[in-house]
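Trainee: What follows is the residue order along each chain.
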Amino acid sequence: MSSAPLSPDGPGRNRFEISKLDLFYGDFQALKSVEMSVRDRMITALIGPSGCGKSTLLRCLNRMNDLIHGTRIQGKVLLDGQDIYHASTDVTNLRKRVGMVFQRPNPFPLSLYNNVVYGLRVAGVHSRKELDEIVERSLRAAWLWDVVSDRLDHSALELPLDQQQRLCVARLLAVQPEVILMDEPCSALDPIATMKIEELMLELKKEYTIIIVTHNMQQAARVSDFTGYMLLGEMIEFGGTKDIFTRPSNKLTDDYITGKYG
Amino acid sequence: MTLIGEKGVRRILLATALSAISALLLIALFIIKEGLPFIFHYGLWNFLSSSDWEPQAGKFGIFPMVAASLWVTFGAMVVGAPLGVAGALFLSEFAPRPVMRVIKPMIELLAAIPSVVYGFIGVMVLAPLIRDYLGGPGLSVLAASIILGIMILPTVISISIDSIMAVPQSYREGSLALGATVWQTIHMVTIRAARSGILASIILGMGRAIGETMAVIMVAGNAVKIPHSALESVRSLTANIALEMSYATGLHRQALFATGVILFVVIIILNSAAMVAIRGKAARK
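In order, the protein sequence lines correspond to chains A and B.
According to numbering that gives the first Met the number 0, the first sequence is numbered sequentially starting from 0.
According to numbering that gives the first Met the number 0, the second sequence is numbered sequentially starting from 0.
Keep in mind that the hints were calculated from the coordinates and are not lab data.
Here a beta-carbon is modelled for each residue, glycine too, at the ideal position from N, C-alpha and C.
Check each hint, because a few of them may be wrong.
[Said to hold, decoys possible] Have a look at the derived ranges for each label pair, beta carbon to beta carbon:
id, chain 1, residue 1, chain 2, residue 2, range
1, B, Ser-18, A, Leu-156, 52 to 60 Å
2, B, Pro-95, A, Arg-139, 41 to 49 Å
3, B, Leu-82, A, Pro-48, 46 to 54 Å
4, B, Ser-18, A, Gln-28, 25 to 33 Å
5, A, Gly-69, B, Met-244, 40 to 48 Å
6, A, Thr-257, B, Pro-95, 40 to 48 Å
7, B, Ala-111, A, Gly-69, 33 to 41 Å
8, A, Arg-139, B, Leu-82, 45 to 53 Å
[Claimed, not checked] To spell it out: a stretch of chain B is covered by chain A in this simulated footprint if at least three of its residues, at any positions, have a beta carbon under 8 Å from a beta carbon of chain A; those stretches are:
id, region
9, 156-170
10, 186-197
Take the sequences, apply the hints, and build the full model.
Mentor: Rendered as structure tokens:
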């Protein structure tokens, strides 16, 4: 592809608009005035050394940080123009729209089938026919159908790790989210399994907006359209992935991607 | 250390560990030696199914006591299991951690209260209430069920909390991230993941209830008859042994030991079931 380099100011619709976002765990400030926008049907990567706040930022987007006692937030996180931290937000509904894949594959100790339909069941879908269809569609979309279609009643914990992770993706696709958050989805996987997940991400990008946190700079370079580099809770630089990796404008970013730091 | 040496220490510790096991073996052997000949002599089926317990007349049917023990244990489950599991869920999933850290040891302290004190409260408070409001003698299946239900709470709550806390946080996060509510997450994921531990806690509670003696003697009324309602007096297997052992001789004494054999077998079955439940959980991980 030889199109013009992507830039956050270029054309296209933004799903998330994050401005002046501060987050505190008790007295510790984990995010400092973060600014970022997330483009529709693009992959946005967050990179940076451990403890830089990239996972924390990701977990702000579906309010998973609410689960941690003593978390305080200032600033705005807009999803399609609506402030998700406004008192009127239905958090359950938000999490249906903004799904999440975790660092370690976390299928429930249920059958494959019951894992995939979990999100639908809690949303009140009970028609067997409908569930069957969605299970097949979701597993196909996660490239798992051909592997597991004959043992949907087996425990999900019997699958190898990379298939477990793809099952978690399928489980998510079943509820048809709009945005998918991935928190280091490949850190527990070997290189071949990682490659499969990356290919899957590029496929999913056609329909979903994806934000991925990764430790692995090459991974960000391979799959993402936009990249944000974070350090000690600050967004040091955010821009098109090509720009960030070839001509970063900030010295700190340059040090990190060239391996002088981190 | 140089006086005994590494090997010596190990042998001493081994001996102490073995002494606990040998105590168990000796007790088992003793009860079986005293009780088993009677069971062969009288016939196991006769012993278990006959309703006539008249030691002077040479009639040793323990069916009323078996029925009483089952009733009282079942009643204790009905009272204690829902309370215990609900309490464990509240403490582990809803209560702030500091609250749990204070309350859990307090509940475990319930287990340290002597059973005679539970019986005392049953006699002084619970039995009169039942007599006045529901009828009957007060000292009854119901009174024993409630007292035993409370006595098994520490077992049920403590082990249930441990197994609920052992459910990986990632399951809860995964569920919430799919748009499930907290309650949906608890009953569709957390309880299922912890169910073998919860089951084990209930089985161990049952073992505790069926083996309890002093509190049951004090509140169950001790009449040797098959109960037709929860308000009637009954005598459990344990109570029967404790009440009659002091004056029993000959065949009567052997019959009481045989009752002990039956109890011993039941408790071993319950404890093994609990262990299987816990191990089943370990195997699935």
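Trainee: Would you mind marking each hint as holding or not holding in the structure?
Mentor: Status of the hints after comparison with the structure:
1. In this structure, Ser-18 (chain B) and Leu-156 (chain A) break the distance hint of 52 to 60 Å, their C-beta atoms being roughly 41 Å apart.
2. Range check, Pro-95 (chain B) to Arg-139 (chain A): about 44 Å between beta-carbon atoms, so the 41 to 49 Å window is met.
3. Checked against the hint of 46 to 54 Å, the C-beta distance between Leu-82 (chain B) and Pro-48 (chain A) comes to roughly 50 Å, which is consistent with it.
4. In this structure the hint that Ser-18 (chain B) and Gln-28 (chain A) lie 25 to 33 Å apart at CB is violated, the actual value being about 58 Å.
5. Between Gly-69 (chain A) and Met-244 (chain B) the C-beta distance comes to about 59 Å, which lies outside the given range of 40 to 48 Å.
6. For Thr-257 (chain A) and Pro-95 (chain B), the hinted distance range of 40 to 48 Å is satisfied, since their beta carbons lie about 46 Å from each other.
7. For Ala-111 (chain B) and Gly-69 (chain A), the hinted distance range of 33 to 41 Å is satisfied, since their beta carbons lie about 35 Å from each other.
8. Between Arg-139 (chain A) and Leu-82 (chain B) the Cβ separation comes to about 47 Å, which falls inside the hinted range of 45 to 53 Å.
9. Interface restraint, the region 156-170 of chain B with chain A: holds (3 residues with C-beta to C-beta distance below 8 Å; minimum three).
10. Closer than 8 Å: that is the beta-carbon criterion, and the region 186-197 of chain B has 4 residues meeting it against chain A, so the requirement of 3 holds.
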